[in-house]
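Student: Each protein sequence line maps, in turn, to chains A and B.
Per numbering that gives the first Met the number 0: the first sequence = residues 0 to 343.
Per numbering that gives the first Met the number 0: the second sequence = residues 0 to 386.
Hints were generated in silico from the structure; no laboratory data involved.
Don't take every hint at face value.
To be verified - Rough simulated footprint, nothing fancy, chain B against chain A, three-plus residues with beta-carbon under 8 Å:
| hint | region |
| --- | --- |
| 1 | 135-149 |
| 2 | 227-240 |
| 3 | 243-249 |
Said to hold, decoys possible - So these bits of chain B aren't anywhere near chain A, every CB distance computed over 12 Å:
| hint | residue |
| --- | --- |
| 4 | D97 |
| 5 | A102 |
| 6 | S107 |
| 7 | N119 |
| 8 | Q127 |
| 9 | D182 |
| 10 | V239 |
| 11 | G277 |
| 12 | D319 |
| 13 | R321 |
| 14 | N350 |
What the hints assert, rightly or not - Now the in silico label distances, taken between C-beta atoms and shown as ranges:
| hint | chain 1 | residue 1 | chain 2 | residue 2 | range |
| --- | --- | --- | --- | --- | --- |
| 15 | B | K191 | A | V154 | 55 to 63 Å |
| 16 | A | P237 | B | K98 | 17 to 25 Å |
| 17 | A | K153 | B | Y336 | 51 to 59 Å |
| 18 | A | R67 | B | D217 | 30 to 38 Å |
| 19 | A | P264 | B | S21 | 15 to 23 Å |
Think of the CB as a built atom: it goes at the ideal place given N, C-alpha and C, for glycine as much as any other residue.
Chain by chain, the residues:
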Amino acid sequence: MIGGDFTVLSSRAYIAITGEYDVASGAAYSLVLLLPGLLVFLVQRYWAERRSVVSVTGKPSGNITLLRSPLARIPLLTVVLAITALIVAIYVTVFVGAFTAILGVNNTFTLANYRYVLSGIGSDAMFTTTILALIATPVAGVLGMILAWLVVRKVRRGRGALDFLGMLGLAVPGTVLGIGYALAFNKPFIIGNIQLLPALAGGGAIFGGALAIVMVYVIRSMPSGQRSGIAALQQIDPAIDEASTSLGASGLRTFRSITLPLIRPALLSGLTYAFARAMTTLSPIIFITTPQTKIMTSQILSEVDSGRFGNAFAYCTILIAIVLGVIGLMNLLIRDRRTPARVN
Amino acid sequence: MATTTSTSTSTSSGTTAQAGPSGSLHLDNLVKQYPGGASTEPAVAGIDLDIRPGEFLTLLGPSGCGKTTTLRMIAGFETPSHGSLTLDGEDMVALTPDKRPMAMVFQSYALFPHMSVFDNVAYGLRLQKLPKKRVQEEVDFALASMSLTKLADRAPNQLSGGQQQRVALARAMVMKPKVLLFDEPLSNLDAKLRVQMRTEIRALQHKLGITSVYVTHDQDEAMSLSDRIVVMRQGRIEQVATPEIVYRKPASVFVADFIGRANFLDTSIGHLTLHADGARATVRALGTNYTVPAHDGIDASSQVCLMVRPESVVLAPAPDAREVSGDEGRVLKSVFYGAWVEYEIETVDGNVTAVIYDPAPGDILDHGTFVRVSFEQDRAWLLPAED
Ligand SMILES: Nc1ncnc2c1ncn2[C@@H]1O[C@H](COP(=O)(O)OP(=O)(O)O)[C@@H](O)[C@H]1O
Ligand SMILES: [Mg+2]
C-alpha cells in the first residue's frame, strides 16, 4: 500500500494473483520473499539464544546506567520524541480523517464515513472479523502455552526445532502464508477416493472460507503466546514443580495448581497480543478472504484502493476501538477469575 | 566429641522402636547414566545402602560426585539406569514421585510463590482430601513447631531466607512421610543461621523419628547431623560409618583428607599383629617407633601411609636442638586463633600441622623455635597409600 513507485516483492505477488490471476508466478514471488525472511529470523534467533544463556543463570542481565551528559541526552531525546510524535500524528490523522469529508481537500465535519461503514458491508466485516479473531485467540493462546511448556519443560532433544516450528507463523512473510493457504486448501483434500477434508479456503469452501481465515489467525498469533509463555516458564525454578510432585500432586494437578497460576500474567499478555495480531493481520488475509466472509483489514485496503480514505479512516478507528475494548474485557475477566482462586 | 556422637547413635535406635518398622530404605546396585552425558562414566556407578528406620543418613562428598543424582533417584525424579530401590520391601522404582511416601526439601526452598505460608504448608494435606479441620490443626501444629505461627499469612517473598527454609521444612514434615530427603537445604543461608538450623533439623528429626537422607558437601554439617555418613567419590561409596569412625578410622586417604584435616606421613610396616579390636602395626615415624591401629585391608607388604590428625600431635620443648633431625623439628608458622594455636612444623618426615587447644598464656611457640614432635599413637591410623 505504501510502495509508491517502487516495485516491492510482496506487492508484485499480490498483483500477480489478484490482478493477473497468475497464481504460479505469485507463488514464485513468494518463494523469493520467503528466503530473506527466514534468514533474518534465524539470525535473530541465534543471537537471542546466545544472550539467553546468560540470563538463565539468574544473574542480573545488565545494569541500567542513566545518561547524564546533555550531549548524549538531547539527540536521543529528540529522536525518541520525533518517533512518538510521528505515532501520535498517525493516530490523530486517522481519527480526524474519520470525521472529515476528504482530509486536506474538504475539511468539513461529517459522519458520512461512519454511516457508510456501519451500514451493510462494514458492519458485516466488523462482526465477522471480531468473531473469527475471538475464536482464534484462545486457540492460539493455549496452543502457544502448550508449545512453550513442551519447549521449556518436557522436550529435551529437539526443543530448538520445536520452538522454531511454532514461530514459523511469524517468520514466514504474510504474503507467502496467504498464498500458501489459498493454494493448499482451495480444493478438497482427497486421498484415493476418500475425501479427508472439504475445501477450506476460497468462495466455494465450507463456512465461506472462514475456517482458513481462523487457521491463519491462529498460526499468525500463536507465536506471541509461545514467546511470553517461554519467558514466563524459564523464570520458574523447576524445583517448584518438583516440590509439588513430591508433596503428592500428579503432573496435571501441578500444572493446574502451580504452573498455570504462575504463568497467568504471561497467558494474559499472550492472549492480548494474539487478539491484536489477529484483528490487524492483513497480508495473508487478502488472499483468502471471500465475498461471504469480509474481513476489516482487507475492506480497509479496498477502500484505500478506490481512494475513499475517509471510509478507511473510519474503519481504522472502529478496529482500534474493538481491539482496545476486547483487551480491556480480557483483562477484567482473567483478573476476576484469579481472585477467588486465591482465597480458598 | 566422642561422647556426643555415641549418644546420638544410641538414641536413634531408641526412636526406631517408637517409629515402628516403617521407613527402611534399601538401595541395591543403583546406577545412573545420563543419556548423552559428556563423560562415559556414569554419574552414579553402583550404590548399595541399607538405611535403617528412623536413621539420619548423610551423603557427603565433593561437588559432582553423584549425591544429588542418588537422592533424586530415591525421590523418583530420576529413573535409575540399573539396580533396585525398595522401601519397607516395596519396590519404589515403579512408582512416580507423587506416589512415593517421601517428601523433599530443596536447596532453593522451592516455595509456591503465589500461596501464603499457611497454604504452602497445607498444600500436600489438601491433596490428600483431609477434612478442613484436620488440615488446620496439622498445619497450625507444624507452623508452631517451626516458630512460624505469626507468619502464616505472609507471602514467601516477604520472608527471610531462614524463614523460607523453615516453611519448606514444615511443608515437608507436615506430610509425615516415611522418608525425608534433603538436598543441601542450608547452603543458601549464612554461617550462623546454618548452625542454628542444623540443630533444629536434628532435634525435629529425632522427635518425629522419620528416616532421613541428607545431601551435603559440608563436613561439619554431616558430622553434626548424622547417625551415619556415606562418603562418596566419583559415583561410588568410599565409606559408610558413624561420624566418629569416619573421622578416626577413615577407609581411605581420600576420606581422611575430606573429613577434617590430616597429616599423612610416608612410612613402612615393621610388624603387623591382629587383635580383637583390629590390626596394629609398628611403624617408624618422626625418628621414633610407634604401634598404631591399622586398616583391615593392610598386609605386611602393603604400601601404607600414616594419618595423624593435627590435634593428636604433641609438642615438647627441645632447648638443645640446633637442627631438624630425629624427633626434633622447627616451627615454621604459628597462628593464634584464641581457643587454639596452629603450627606448621618442619620435621624429618616433611611439614606437619599441629593444633594445640587452650594454650596457656606465654606458651605460644614462636617462629623458628625448635620442638620435640610426637603424637598420640592410639589416635593415629595406618591406611593403604593412595596410588
Ligand atoms: N541432568 C543431568 N544430565 C547430565 N548430566 C548430569 C545431570 N545432572 C548431573 N549430571 C552429572 O552427573 C554428575 C553427578 O552430579 P550430581 O549428582 O549433581 O553431583 P553432586 O550433587 O554430588 O554435586 C556430574 O558429573 C554432573 O555433571
Ligand atoms: Mg548436588
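Student: Using Cβ atoms and 12 Å as the threshold, tell me whether Q127 of chain B really stays out of contact range of chain A.
Tutor: violated, 7 Å
Student: Honestly, do K191 of chain B and V154 of chain A meet the 55 to 63 Å range at C-beta?
Tutor: Cβ of K191 of chain B to Cβ of V154 of chain A: about 44 Å, so the range 55 to 63 Å is violated.
Student: Is the claim that A102 of chain B lies outside the interface with chain A correct, judged by CB distances over 12 Å?
Tutor: Nearest chain A Cβ is 6 Å from A102 of chain B, so the label is violated.
Student: Okay, P237 of chain A versus K98 of chain B on CB: inside 17 to 25 Å?
Tutor: With Cβ atoms ~20 Å apart, the hint holds.
Student: For N350 of chain B, is the shortest beta carbon distance to chain A beyond 12 Å?
Tutor: The claim stands: N350 of chain B keeps its Cβ more than 12 Å from every Cβ of chain A (closest is about 40 Å).
Student: Are all C-beta atoms of chain A more than 12 Å from that of R321 of chain B?
Tutor: holds, 58 Å
Student: Taking a Cβ-to-Cβ distance below 8 Å as contact, does the region 135-149 of chain A have at least three residues touching chain B?
Tutor: violated (count 0)
Student: Would you check whether the claim that G277 of chain B is not at the interface survives, using Cβ distances to chain A and the 12 Å cut-off?
Tutor: holds, 42 Å
Student: Would you check whether the claim that V239 of chain B is not at the interface survives, using Cβ distances to chain A and the 12 Å cut-off?
Tutor: V239 of chain B is indeed farther than 12 Å from all Cβ atoms of chain A, at 25 Å.
Student: Can we confirm that no CB of chain A comes within 12 Å of the CB of D319 of chain B?
Tutor: Fine: 61 Å to the nearest Cβ keeps D319 of chain B off the interface.
Student: Would the least Cβ to Cβ distance between S107 of chain B and chain A come out above 12 Å?
Tutor: Nearest chain A Cβ is 5 Å from S107 of chain B, so the label is violated.
Student: Check the non-interface label on N119 of chain B: least C-beta distance to chain A beyond 12 Å or not.
Tutor: Its Cβ does come within 12 Å of chain A, the nearest being 9 Å, so this is violated.
In the structure shown, a violation is registered for the earlier hints numbered 1, 4, 5, 6, 7, 8, 9, 15, 18, 19, in ascending order.
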